[in-house]
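Assemble the complex: chain A is given as a structure, and chain B must be docked to it using the hints.
As a plain string of letters, each chain reads:
2 protein chains.
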Amino acid sequence: MALTFHDVQAARERIAPYAVKTPLLRLHALDDYLGCQVYVKAECMQVTGSFKYRGAMNKILSLTKEELGRGIVAASSGNHGKALAYAAKMLGVKATIVLPYTAAQIKVDTIAGWGAETVRCEVQERFEVAERICRERGATLVPPYNDEQVMAGQGTAGLELMEQCPELDTVVVPTSGGGLIGGVATAVKALSPRMRVYGAEPAVLPRYSVSVAAGHPVKVPAGKSVADALVSNMPGALCFPVVAEHVDGFVAVDDSFLLKGMKLLLLEGKLLCEPSSAIGLGAVLQGLLPMKKEDKVCFLISGGSVSLDQLDMLKEVKL
Amino acid sequence: MALTFHDVQAARERIAPYAVKTPLLRLHALDDYLGCQVYVKAECMQVTGSFKYRGAMNKILSLTKEELGRGIVAASSGNHGKALAYAAKMLGVKATIVLPYTAAQIKVDTIAGWGAETVRCEVQERFEVAERICRERGATLVPPYNDEQVMAGQGTAGLELMEQCPELDTVVVPTSGGGLIGGVATAVKALSPRMRVYGAEPAVLPRYSVSVAAGHPVKVPAGKSVADALVSNMPGALCFPVVAEHVDGFVAVDDSFLLKGMKLLLLEGKLLCEPSSAIGLGAVLQGLLPMKKEDKVCFLISGGSVSLDQLDMLKEVKL
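If you read the protein sequences in the order shown, they are chains A and B.
In terms of this note's numbering, the first sequence opens at residue 26 and continues consecutively.
In terms of this note's numbering, the second sequence opens at residue 26 and continues consecutively.
Hints were generated in silico from the structure; no laboratory data involved.
Take the hints with a grain of salt, since some may be wrong.
Chain copies aren't distinguished; within one or between two, either way the pair holds.
Claimed, not checked - Computed list of lysine-lysine pairs in DSS-like fashion (alpha-carbon distance at most 30 Å, straight line):
1. Lys119 x Lys46
2. Lys318 x Lys114
3. Lys214 x Lys340
4. Lys249 x Lys114
5. Lys46 x Lys318
6. Lys119 x Lys340
Only chain A is shown next, with the shape it has when bound in the complex (with noise of 0.2 Å):
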C-alpha cells in the first residue's frame, strides 16, 4: 500500500489549521552564484522552524482518540522531536521524547518547555527505550520518516510549492531517510510528470546513490557530516520504494560545497538554515547538477535550527 497522491491531499486540509504555509522565495540574487532562476520553499519558516512538523502534525491528526489518549512517542533530540513535541501541545496530547544524554541541554529544555515528558538515555538505546514505553503504555510511536502517515504530511511541503510556482522545472531536496523527497516527489510528479526532482545526500552517506543503484535499500556505513539532519545510513523501508518510483536522481555533496552553500544562502539571499539544508545548493556549487540559465530551480530549504556558533565554520568558506 504505497503512498499516494490522494493521501498528501488529504494530509493537507488535516495539517491545514496548524501549518503555516512556507514562502516560495524568488531568490534572484544566488540566479548567478547557481547558473539557474533560483527558487527556495522557506522550511525554515515553518512551525518549530522544519519540514517535521507538518509530518508529525499529520500523524497525530490521523489517530484515532484512544490512541492519542494513550499518548506518542518519538526518539529524536532534533528537529522530529522539537515538531513532535509542539504538534502534541497543540492538540492537547501526551509526548513522550526520548533523548540521549548526550542532546544539548537548550534542546531538552525547548522540548520539555512544550510540556512534553523527556527520558534521558544511552545514545545507542533510545530507539529501545522508546519501543518500550510504547509496548508499557500502549502509546503509539511516531518515526521520522518511515511512516506513510508521516511521509504525506512531509509531502504538503511539494503540493504547496507547486501551487506557488507550477512552471518550475526542477526541485532539489535534502534527502535522509527519504520521507521528504518521498512526499514531495508523489505530490509534483502527479501535479506535473515533467518536473524533475532531485535527491541530495552527504557524500559520506550515499544511501540513497547507493541503493537505487542495487535496486534495494543498502545499508551503508557510518560517516560524519556536517548536516546533522541527514544521519541514516540506510533508506526507509516504507520509503524507498516510492522514492525509487518518483525520484529522478540522487547527488552525494561534499561538506566543502555544502557550507558555500549555506554561506551563499545567508549573505546573498539573506536567509538562514541549517547546515543540512543547504545541501542542494552545494550540489549545484559542486557541479553535480547542471542546469541551464532558464532553469527554474526550487531549493527545498528543510530547516533553520542553528546557532550563531555554529555559523563561525562559514567565515573561513570561500564564495
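Relative to the frame of chain A, chain B by itself:
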C-alpha cells in the same frame, strides 16, 4: 512642490522592469516576542541588498538623455553607493562614486566591479569632492534621500506592501534622513489613511523626534550607534515636510534592543538583516510602541548588508 502619491505611482512603473517586488513575509515565530502579528517587508532581498536601489533607479530613469550622458555622482560607501553603481550599470550610464579612504576595500571592489569610477578622498571632504566633480563635468549628483525622485522611488516599497496585505494596521520604518519613511508614508496614507506609520531612529541620533517636536528640521549632536546606515544628524529639508505631514510618530531606540531585534529576526525569523534594519523590532521590544495581539504590524527590513564577523556581536545578546 511636495511629494505626491502620483510621484510614487510613477516611480513604481518606471522601476518595475529593474527592481524586485520583495516578499512581504508573515513571521509567526516572532508573534509572541513582539505581542502582535508580525509581517516583514524584506528589502534585504532587493537588488543590491537594500531599498536604496529603488530610489537610485528612479532618479536615474527620470533624468534626460543629455543629463545621463554627462554621468551621475554620489558620495557614499554604503548601500546608496552600491545601489547607484549597480543601477547605472544596468542602464549603461557612467557612475562616479566618491568613497572615503576609510571605506572597507570589499565595498570599493564591489562598486568598481560594477564598472563605476571610484574616487577616494578624506571622509570629511567627500561631499565637496562629489560636488566639484558634478560642476566640472555637468554630471548629476544623486543624494541618498533629500531628493523627490529618490524619495518617490524609495516609497514604492510602501505601495507594494499595501498591495501585498491591505489589512495591515501599522508599518514601522527605520529612519535616518527621511527618504524612505517619507516615500512610504505618502504611499500608505493615500491608500489607507487609518494605517499607522511610525519611524524608528537610534536613541543617540533622534533627529526626527526632536525636529517634529520643534516643528522644523533640527540638527542633533553627533552620536555613535550600531545602526551604521542611520547616521544623518538632521532631517532632509525636502523630506521633513512630507514626513511631518504623514507620519504618526517617532521612537528613539537603544542599541541594546535593536540588537535583540536583529538576533530575533535571524534565529527565530530566519532572516538576515543589517543592524539598522532591526530598529523597528527593537522599538517594540523596548516597549516604545505598544501593540495589541491582533494588530497586523509590518516591519520594513531596509537592508541586509552585514558580514559574518558582525554577527559575533549578537552572541552575548539575550532574547
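Cross-check of the supplied hints:
1. Lys119 x Lys46: within (26 Å within a copy, 44 Å between copies)
2. Lys318 x Lys114: Close across copies (21 Å), not inside one copy (45 Å); limit 30 Å.
3. Lys214 x Lys340: For Lys214 and Lys340, the Cα distance exceeds 30 Å both inside one copy (39 Å) and across copies (43 Å).
4. Lys249 x Lys114: Neither, since 33 Å and 45 Å both go past 30 Å.
5. Lys46 x Lys318: both (28 Å within a copy, 21 Å between copies)
6. Lys119 x Lys340: Result: close neither inside a copy nor across copies, 42 Å intra and 34 Å inter.
Comparing the model with each earlier hint shows violations of hints 3, 4, 6; every other hint is respected.
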